[in-house]
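Kindly generate the complete structure, drawing on both the sequences and the hints.
2 protein chains.
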Amino acid sequence: MTTKATPEERTKLDMAAARATTSIDVPRIRDLLYDGRDKWETSSRILRIMSEDPVFDKSQRPFMNRQERYKRAVKITNRLYELQGTHKWSTAEARLALDLVDEELPMHLSAATFEPVFMEQCGPYLRGKYGDLVINRGIQGCYLQTELGHGTDVGSLETTATYIPETKEFEIHSPTLTSSKWWIGALGRTATHGVVQAKLILPGGKDMGPHMFLVQLRSLQDHTTLPGITVGDIGPKVLGAYVCVDNGFARFDRVRIPRENMLSAYSSVTDDGKYVKPPHSKLGYGGMLWVRAALVGKGGWYMARAATVAIRYCTVRRQSNKGQDGLERQVISYPSVQYRLLPVLSYAYVFILLGRDLMNRVATMSTQLAAGNAAMVPEMHITSSALKILVTSMGSAGIETARRAMGGHGFSEFSGLGRWYADWLPTATYEGDNYVLDLQVVRGALKAFHALARAPPATASPPLPPSAAYLRFLHPSHSATPHADAGADWADHATAVTLLERRAAALVQARAASESASASSGGESALDADMDHRISRAAAEAYLAMRIGELVRGLPGALPAREAVVVGRLLTLGLLALVEGGLVDILSFGLLRGAPGADPSAALRIAIKGLCAELVPEAIGLTDAFGFTDWQLDSALGVEDGSVYQQLWARAQAEPLNATEPVDGYKEYIKPMLERGQRVAAAASKAKL
Amino acid sequence: MTTKATPEERTKLDMAAARATTSIDVPRIRDLLYDGRDKWETSSRILRIMSEDPVFDKSQRPFMNRQERYKRAVKITNRLYELQGTHKWSTAEARLALDLVDEELPMHLSAATFEPVFMEQCGPYLRGKYGDLVINRGIQGCYLQTELGHGTDVGSLETTATYIPETKEFEIHSPTLTSSKWWIGALGRTATHGVVQAKLILPGGKDMGPHMFLVQLRSLQDHTTLPGITVGDIGPKVLGAYVCVDNGFARFDRVRIPRENMLSAYSSVTDDGKYVKPPHSKLGYGGMLWVRAALVGKGGWYMARAATVAIRYCTVRRQSNKGQDGLERQVISYPSVQYRLLPVLSYAYVFILLGRDLMNRVATMSTQLAAGNAAMVPEMHITSSALKILVTSMGSAGIETARRAMGGHGFSEFSGLGRWYADWLPTATYEGDNYVLDLQVVRGALKAFHALARAPPATASPPLPPSAAYLRFLHPSHSATPHADAGADWADHATAVTLLERRAAALVQARAASESASASSGGESALDADMDHRISRAAAEAYLAMRIGELVRGLPGALPAREAVVVGRLLTLGLLALVEGGLVDILSFGLLRGAPGADPSAALRIAIKGLCAELVPEAIGLTDAFGFTDWQLDSALGVEDGSVYQQLWARAQAEPLNATEPVDGYKEYIKPMLERGQRVAAAASKAKL
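So the sequences go chain by chain: H and S.
FYI, in this note's numbering the residues of the first sequence are 1 to 689.
FYI, in this note's numbering the residues of the second sequence are 1 to 689.
These are computed hints drawn from the structure, not numbers from a lab.
Check the hints yourself; a few may be wrong.
Said to hold, decoys possible - Derived lysine-lysine pairs resembling DSS-like cross-links, with alpha carbons at most 27 Å apart: (1) H/Lys71 to S/Lys71; (2) S/Lys58 to H/Lys71; (3) H/Lys686 to S/Lys129; (4) S/Lys667 to H/Lys71; (5) H/Lys88 to S/Lys686; (6) S/Lys447 to H/Lys322; (7) S/Lys322 to H/Lys277; (8) S/Lys88 to H/Lys671; (9) S/Lys609 to H/Lys447; (10) S/Lys667 to H/Lys58; (11) H/Lys688 to S/Lys88; (12) S/Lys58 to H/Lys667; (13) H/Lys667 to S/Lys75; (14) H/Lys129 to S/Lys688; (15) S/Lys322 to H/Lys206; (16) H/Lys88 to S/Lys688; (17) H/Lys129 to S/Lys686.
Right, dumping it as structure tokens:
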């Protein structure tokens with residue numbers, strides 16, 4: 001039957017057929033991903049309102065320049081909060097609407113950086129004066145940390161805040177070009193106020209290091225820049241990323257602010273210029289951890305979108321190798337495509353589920369912090385760093401893998417994946433550069449290692465935090481099983497978890513041994529330059545693997561039997577792909593061995609291939625479970641009904657370059673070039689005669 | 001002295017100091033990269049003319065939309081050929097100018113695809129009629145192969161060319177939506193003519209498969225589309241890539257063309273509709289190989305630009321860890337940065353040098369083909385595929401590695417690296433999708449394997465083509481040394497070459513064994529889905545390694561002693577990085593062993609770190625040797641004098657979003673939102689009282 005359909009009708013038939021093969025109850029899995037039917041319904045309701053509102057129309061978006069995109073961004077932001085009033089959305093619902101808007105807006109940057117930092121650090125006076133304005137967007141904020149010459153290392157910032165006891169003011173000043181605040185989201189053209197990180201200088205010139213100050217940047221009457229301040233947008237980002245966001249610069253020429261504008265929850269300056277110390281240095285960490293924790297789930301949803309589009313497109317795209325029905329094969333039927341795509345789907349599930357859990361933990365920590373208890377901070381700091389490193393790097397790689405699996409059409413802007421890749425990419429650098437976070441993860445691992453080494457060897461249960469639980473394999477109580485066998489039961493997720501944990505333990509042990517050797521010889525460590533990155537990655541993946549293992553074990557309680565089996569296989573696939581990615585270390589330390597002369601990793605790869613084959617019939621169901629609407633994905637290749645060619649055709653017709661006939665530039669440039677060529681050719685032909 | 005400089009002056013001092021430390025004679029190495037002083041001087045002369053001409057101004061480029069970029073593209077193309085006339089540039093010089101224009105133009109696509117295909121396949125009649133017009137751009141061509149529903153597999157194309165003996169015409173027709181030609185470079189708004197790939201249908205309906213036909217698309221009088229043809233631009237590409245290029249679609253509604261418009265160098269149709277067979281099926285391959293060969297050197301120059309910018313920026317950027325001088329450390333001084341960046345520099349040298357060699361080989365092959373000798377074709381096909389796979393994937397990865405090494409500022413469009421990444425990225429898909437080429441490389445390797453297996457075991461010299469020379473390790477004459485020792489002499493490039501060759505041999509042998517096992521059991525091979533990709537990569541890298549080995553051995557004849565040593569180290573670094581990237585296979589097959597319990601790869605990594613440390617003082621010299629001008633790189637972070645912060649500042653001021661005060665959108669959207677928030681906050685404050 002399908003062979004008689006025209007090729008463009010066939011894509012819909014292929015999609016319907018694939019949807020019919022799934023053995024899972026899609027809504028049950030969707031409820032798991034959304035954390036309950038209620039939340040899914042709320043999300044659907046808000047999404048419907050936005051998608052039916054012409055203000056949120058996306059059809060012209062691919063053709064707009066930055067000014068137009070910025071204007072559209074503030075337009076939809078304003079409309080979103082109008083809708084909040086109309087529909088009586090709660091703060092959480094408005095926040096959800098902001099997540100569903102499918103655009104990185106200046107407002108996102110305000111909400112993600114300025115708001116948590118200000119609300120946590122402002123202290124009672126500023127909270128009373130500005131709290132309601134911040135929460136209700138009566139002022140729009142930004143958070144000014146990085147400078148033109150200085151990155152995330154706040155100790156090197158040059159901007160100064162000098163206290164003037166005579167007037168009870170701080171003087172905010174940018175002494176050099178390199179001290180210009182730079183990269184600040186929502187600063188360029190939008191924000192009215194900013195929290196400025198600046199070196200606090202006390203009377204007499206004592207430098208107290210970086211502190212935070214609230215500075216008004218623009219008039220609340222007419223939005224003009226206030227005196228002494230130079231501010232603007234820093235220009236476009238690579239790859240068209242964050243096109244709507246006005247990352248900005250600011251310079252301060254001895255700008256005075258009242259003493260009360262120092263954010264003083266944890267430290268302050270008295271009227272006469274004396275410094276009052278913070279009660280606990282770790283109390284200020286909450287804001288940053290919120291941002292990082294939010295990234296984990298967000299990255300999962302980015303991967304979910306990419307996997308959905310690519311799996312849908314590869315289901316309806318046919319290529320090469322004609323079958324007995326005379327049709328080319330569906331691209332998804334190629335094992336090498338499954339091998340690349342399905343792990344991306346797996347990681348989408350993993351990070352969505354772990355991201356939610358992490359947000360809950362940060363909330364608990366935040367409550368404890370407010371009560372003066374910082375006990376959770378160190379561990380939350382390491383685990384959130386570890387997950388942040390992984391979700392950002394695996395997210396970019398996963399989106400790009402999905403895009404490439406789609407071949408030529410994946411390169412069309414209408415695929416949507418370019419937009420997501422570009423907007424996700426900088427997460428590897430911001431909110432803690434991954435290379436910097438690597439060092440923190442390694443430091444945490446070494447600390448746990450030394451604590452373990454100091455513990456009495458007879459301790460039954462080694463004293464390890466969850467982030468370093470994998471180090472138990474270095475403890476005498478776990479010293480059995482020196483290596484996994486190539487013929488291990490790869491279908492059991494525990495095989496992969498153990499291997500990933502043992503790998504991390506081996507790397508940390510090697511690093512500690514090398515450190516103590518170089519310390520005793522007094523020389524520099526001969527370790528390779530990338531070792532910290534390797535260790536950090538291994539430690540983070542060991543933690544991730546342990547957490548995935550927990551997820552798998554929890555599935556029978558969260559889903560009906562069949563759904564638990566299928567999602568369990570999907571998560572196990574992600575684990576095996578992690579093992580494959582870590583093979584260099586695993587083989588280097590002899591943790592996986594096979595028969596002499598045989599490739600010990602072959603059985604692992606065959607297991608991955610087998611899991612992929614089991615999962616392919618469920619793939620459309622597993623992506624449908626994300627609950628994406630066509631409006632939400634805005635992808636020609638990811639449409640639910642599979643009509644990809646009609647979509648590509650229709651969108652191409654809207655390209656503004658097609659609007660004039662002949663094209664703008666023909667008369668001035670193309671015509672003269674053709675005529676010149678024709679003259680030269682005529683002369684050449686004549687010369688030949 | 002340097003500590004007293006302001007931070008923005010210091011970058012220039014750092015750059016000057018780094019330039020002073022280099023021990024190499026930069027122009028000598030530059031001459032090697034440019035293939036002689038003459039070519040460098042020609043390039044400089046043309047570059048100077050272009051950079052001084054306001055038509056080629058780049059300052060507004062980051063802010064233009066697609067229509068503006070397209071118009072600028074045809075403007076500079078026209079100007080370029082005007083300059084050719086003014087300065088009496090040869091065809092080669094005009095071609096060089098086109099390479100130096102720093103923009104992917106519609107003309108590049110015409111020159112790279114239409115022109116070689118047409119000139120090679122057209123046959124004497126069409127050459128006589130159109131040859132001079134093509135060469136002199138009296139017509140502008142495009143090459144219409146891929147369709148909306150069909151990729152590089154020409155056997156599946158749906159477009160038909162039906163011969164009508166009554167009028168001695170072909171009827172070109174697009175029977176379905178999916179048969180629309182799609183992605184065709186320069187088709188959308190520019191080309192006047194196209195070579196169309198279509199199924200040749202003979203009278204009686206016999207389908208002869210794909211053949212090529214010259215079809216006029218637009219009027220030479222006024223550029224309007226000719227009757228029966230629907231044509232347009234397919235819309236933007238991801239990441240802002242190829243923004244100037246009008247990749248297009250076309251549909252043909254029974255468009256008639258004369259019989260002579262079939263490209264008939266190798267096959268044709270007689271007046272009465274009889275097919276005349278091609279004399280040799282391989283004669284048509286020349287055009288495609290030219291394109292692939294050109295990509296190799298081009299990729300080298302892309303990596304050169306990225307490495308130059310990143311190394312220059314990391315030389316002047318200072319971050320964290322203050323030294324005894326009170327300054328933060330130069331980023332380039334961190335071993336982990338060197339470890340990531342210097343291999344990119346190495347590969348730039350490798351692909352520039354090998355690309356030139358490959359072009360020379362294709363030229364030889366082309367001359368032989370013209371004389372009816374296709375002996376070089378199979379080997380050229382495999383080696384060009386192998387190098388194409390590597391240069392495209394290593395190029396994208398290398399540019400991205402360089403961008404990330406620059407941290408936050410690497411994310412600015414003014415870095416330049418986003419533009420290069422986006423424009424280089426699709427090379428992995430076009431001119432042969434890498435996943436398709438993988439299969440061809442594997443097929444070539446297996447063919448050589450079986451030929452070797454059939455050869456008498458006593459043969460002293462195994463019968464292997466250069467592309468599969470690594471298989472000699474499977475021959476009895478090379479069966480000694482079963483594995484390399486971890487303590488091997490890594491400074492000797494031969495160590496790495498041998499290891500990479502043995503790895504490829506082991507993988508090909510395993511694949512052949514598994515094939516014969518599954519053939520004898522009648523079942524499907526249990527091999528992992530990605531094995532072809534692994535084998536292809538290993539085979540390609542073995543070939544690359546052998547060629548790098550040749551380059552290293554040739555350096556003492558090409559450069560003075562000191563320069564040969566330094567460039568030799570740089571190339572050896574690339575080899576060691578290749579070994580590191582292939583460690584999973586190398587360890588899986590036991591090709592590298594260490595002491596029991598020790599990490600056998602540790603010594604390799606320490607060797608890489610050591611080479612990096614030796615090369616860092618030469619890094620600015622080695623990048624200066626590319627001879628880039630600031631105009632050419634157009635990168636704020638890659639300026640020759642190191643004044644990166646002044647550059648970023650100056651470019652940000654030109655951002656059009658900064659042009660109005662307040663920003664466009666304030667009155668309509670930002671002001672109402674702020675006022676609404678202020679009302680709500682006032683009400684909330686009142687309620688609290």
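Tested hints:
no., hint, in the structure
1, H/Lys71 to S/Lys71, "25 Å, holds"
2, S/Lys58 to H/Lys71, "26 Å, holds"
3, H/Lys686 to S/Lys129, "12 Å, holds"
4, S/Lys667 to H/Lys71, "11 Å, holds"
5, H/Lys88 to S/Lys686, "20 Å, holds"
6, S/Lys447 to H/Lys322, "24 Å, holds"
7, S/Lys322 to H/Lys277, "25 Å, holds"
8, S/Lys88 to H/Lys671, "21 Å, holds"
9, S/Lys609 to H/Lys447, "26 Å, holds"
10, S/Lys667 to H/Lys58, "23 Å, holds"
11, H/Lys688 to S/Lys88, "21 Å, holds"
12, S/Lys58 to H/Lys667, "23 Å, holds"
13, H/Lys667 to S/Lys75, "11 Å, holds"
14, H/Lys129 to S/Lys688, "13 Å, holds"
15, S/Lys322 to H/Lys206, "20 Å, holds"
16, H/Lys88 to S/Lys688, "21 Å, holds"
17, H/Lys129 to S/Lys686, "12 Å, holds"
This entry satisfies every hint, going by the numbered hints stated previously.
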